[in-house]
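Peer 1: Spelled out, the chains give:
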Amino acid sequence: MSSPVDKAALRERYERRLQLMVPADMGQLRALPLFSGIPEKAREKVIEKVRKYIHFCSFAPGEEVLREGDYGDSAYYIVDGSAEVVLKKAVADTEGGARPKVRGGAHVPAAQRPGARPEGQMLGRGAATSSTVILSAFPAEIAPGGRTVLGAGEIFGEISALSRYPISATVRAETSLSLLQIRLPGLRMLSASSKEFKKFLDTRYRERTLARHLRSVSLFAELDEPVIESLKEKAELVSFEPGQRIAEEGEPAEAFYLVRGGYVKVSVATGTADLAVTYLRTGDFAGEASLVLDEVWPFSLQALEHVELVKLAKDDLKKMLAGFPGIQEEMWRAMVARLKLRGAATRNPVSSEYLQMAMDTGLIHGESVLLIDLSTCTRCDECVRGCANAHEGQPRFIREGERYRNWLVPTACYQCTDPTCMMDCPTGAITRAVGTLEVQINPATCIGCGNCAARCPWGNITMVEMDELRPDGKHVELASKCDLCFGRPEGPACVQMCPHGSAVRVSFKDMERVITTLR
Amino acid sequence: MRATQVLRPKQPRNFLATLGVSAVLLLVHAVASRLVPWSPKRGLGLAFGIVAALAFVFEMSYPARRPAARPLFTARNWIQVHVYLGVVALLAALIHAGLAWPRGGFGWWLFLLSAWTTLTGLLGVWLQKWIPPALAEGLQVEALYERIPALVEQLLAEADALMAETSDVLDRFYRTELRGRLATLAPSWGFLLDVRGGRERALEPLRRMVGFAEAEEKAKVEDLMSIYTEKMELDAQYSLQRILRQWLWLHVPAAGLLMGLLVIHVLTWVWY
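These protein sequence lines map, in sequence, to chains H and Y.
Position one of the first sequence corresponds to residue 340 (this note's numbering), numbered consecutively onward.
Position one of the second sequence corresponds to residue 8 (this note's numbering), numbered consecutively onward.
Think of the hints as simulated: they come from the structure by calculation, not from any bench.
Treat the hints loosely; a few may be bogus.
Taking CB as the label site, the calculated pair distances span [unchecked claim]:
| no. | chain 1 | residue 1 | chain 2 | residue 2 | range |
| --- | --- | --- | --- | --- | --- |
| 1 | Y | Gly-204 | H | Asp-699 | 32 to 40 Å |
| 2 | Y | Gln-147 | H | Leu-357 | 42 to 50 Å |
| 3 | H | Val-773 | Y | Ala-54 | 13 to 21 Å |
| 4 | Y | Gly-205 | H | Ala-612 | 47 to 55 Å |
| 5 | Y | Arg-206 | H | Ala-612 | 31 to 39 Å |
| 6 | H | Gly-798 | Y | Arg-252 | 39 to 47 Å |
| 7 | H | Asp-699 | Y | Arg-252 | 31 to 39 Å |
| 8 | H | Ala-612 | Y | Ala-122 | 55 to 63 Å |
| 9 | H | Asp-699 | Y | Gly-187 | 36 to 44 Å |
| 10 | Y | Arg-186 | H | Ala-783 | 51 to 59 Å |
| 11 | H | Ala-783 | Y | Leu-257 | 43 to 51 Å |
| 12 | Y | Pro-78 | H | Gly-798 | 35 to 43 Å |
The C-beta atom is built at its ideal place from N, Cα and C for all residues, glycine as well.
Working from the sequences, and respecting the hints, build out all of it.
Peer 2: See below:
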């Protein structure tokens, strides 16, 4: 894993890059065509508001701007120069063909475990949810292994940032490149204030990614090209802010929604309470009842965070899908399953309580969350010792954290579906291999900038002081986090070395298993 | 937690298997001792001795489960084997001696140490099943054992800060009645029986103080109550976690001594 790397050079390059990131100047921004879509009256105000999220940065020819497989939180607008987009991976690699082997134990994604329901049968879950990999953000015309060149006025990285998909291609500076880096909040603000900018982004999403996104949903997998094209045309791209209601239980259901980014709570009203039934994530859909039965919304939908959705009008979709009995059958199945879940939630509110807890605490992001049953744990710390033994004496977590009833959620990485820690690594030291769960930090290329630790919303990445000294005499600090004991044939040591079976790892993608475990 | 829950085996299959094996061993002894006079030095008597010695050696290898629990796959399997094989080993040793009282001082030492080690092991099993639910269900606070003294210091500092500007009455009450109790950990065996034991009585003076205190000081007294409650929870955590750690002192040194005597016993038999 660790090939000889000149860390000092990497650090120096990163520091140089930081110096080259210049806060955007009002005058410069005003002159850019990017902002011309904002009505003149509001332009000044909007630019002032988004300015703090915008930086000018420059890259020398050959330097990487984005790396394939990383996660991005920014869109890049080319001010001057040109960028080369290189697509390394064959499409087959990312669509189920030649995936790296996923090891046993806790590493096996929920849907691949023995006895698990096939992903397709999971409630309203598209195929996209079985893996975090969807090609995105770059022109579909690039053949695998091919390249394309983007020039001034072009934008890239926006879909990865908005939908939290891994970046699908590497972008390098072809010439001296001057870019405007727009961070996610700025991107959202611009979309909200400029119809033209939103249209610009939507058009690009529609052209480059929507078809692939639609195909990734098991429901639409069998549709032929003309139907997909027509869906692309009719689809409306909408976004919601945290807490906003998307649909209200009992109201006429006029649309079908497909989640392209973020999390949506599905709930039913029982008395004054809002009982959580399930949640939707990227690739999931809602609204099948309206298509199948012309029913009102049987649930309410609410955005848990900023949510990007693809909205398809009921009548359009109905017409288009009329010739596909397979899809209708699947919709029936999804609807029945969801209604069953609704019944289960109202009959057994405890399940709903667990689900609500997972949503409130952010655990729904976790693909492999370590939980410790405090009613059987003897506090022997064998889990921590096991972890230390597997990592050269340096444990990757401590047995402290949030507590929910008898369960402790220690500060061990959740291996999130869309790891925000991977968004701003200047050296690409933090990675997740396609099709695997483990988000890993390569100590050979980590320069200890602390970006990942600062970004982790749960504080599950720590900066560890090493013996090595920096030129300024301070100790080198490197980021350290749980890597699910990558490469250890027995799987995560914390679970294996617990003598009482109190330590378990669960994926919050599989709420049924979570509820069974917690109960 | 009800006693029945503590007595319920975590892995009923292993419990039943141990019962079965024990029954078979006793049956073999019963049949064999009727056919020929039983002797620990030959035949089945010797075989039982060898089985017991090997089982005790395996028991002593419990620390070898680290780092990867080989060859039993998980640490959970290791502890299960350790517990049940320990019981079988004692039974085999007793059968080896013909289920009779030992003869001679050395025999008594071996007998007493085997019994002590097994019984303290079972005590450990009981503690490990009794204490965790008591901690989880009875207490709100969860803390790492090593950090508890620091947390108590932190609570004291918090209470001192809270009482920094307060009326003389409350200040005197705090200094004379409460501060001392907040300053030091008060471990107690009593928590083993009732994890919240003594709490209500300890809080009573503070409750009374709420009645006396002026309106603006009531909130302070209430804060003080929650600090004191947290301190008492830390006392309970500390006491019970300490018991979970320290029972090993009853078990491990005796097991080591037993192993030493066992080696002498075997060597004596081989040489003489």
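Peer 1: Now, for every hint given, state plainly whether the structure supports it.
Peer 2: Each hint, compared with the structure:
1. Gly-204/Y to Asp-699/H: 32 to 40 Å: holds (34 Å)
2. Gln-147/Y to Leu-357/H: 42 to 50 Å: Given a distance of about 44 Å, which is inside 42 to 50 Å, the answer is holds.
3. Val-773/H to Ala-54/Y: 13 to 21 Å: The hinted range 13 to 21 Å is violated for Val-773/H and Ala-54/Y, with Cβ atoms some 58 Å apart.
4. Gly-205/Y to Ala-612/H: 47 to 55 Å: violated (38 Å)
5. Arg-206/Y to Ala-612/H: 31 to 39 Å: holds (33 Å)
6. Gly-798/H to Arg-252/Y: 39 to 47 Å: violated (28 Å)
7. Asp-699/H to Arg-252/Y: 31 to 39 Å: The hinted range 31 to 39 Å holds for Asp-699/H and Arg-252/Y, with Cβ atoms some 35 Å apart.
8. Ala-612/H to Ala-122/Y: 55 to 63 Å: The hinted range 55 to 63 Å holds for Ala-612/H and Ala-122/Y, with Cβ atoms some 58 Å apart.
9. Asp-699/H to Gly-187/Y: 36 to 44 Å: At roughly 40 Å between Cβ atoms, Gly-187/Y and Asp-699/H fall inside 36 to 44 Å, so the hint holds.
10. Arg-186/Y to Ala-783/H: 51 to 59 Å: holds (53 Å)
11. Ala-783/H to Leu-257/Y: 43 to 51 Å: Holds - the Cβ-Cβ distance for Ala-783/H and Leu-257/Y, about 48 Å, lies within 43 to 51 Å.
12. Pro-78/Y to Gly-798/H: 35 to 43 Å: holds (38 Å)
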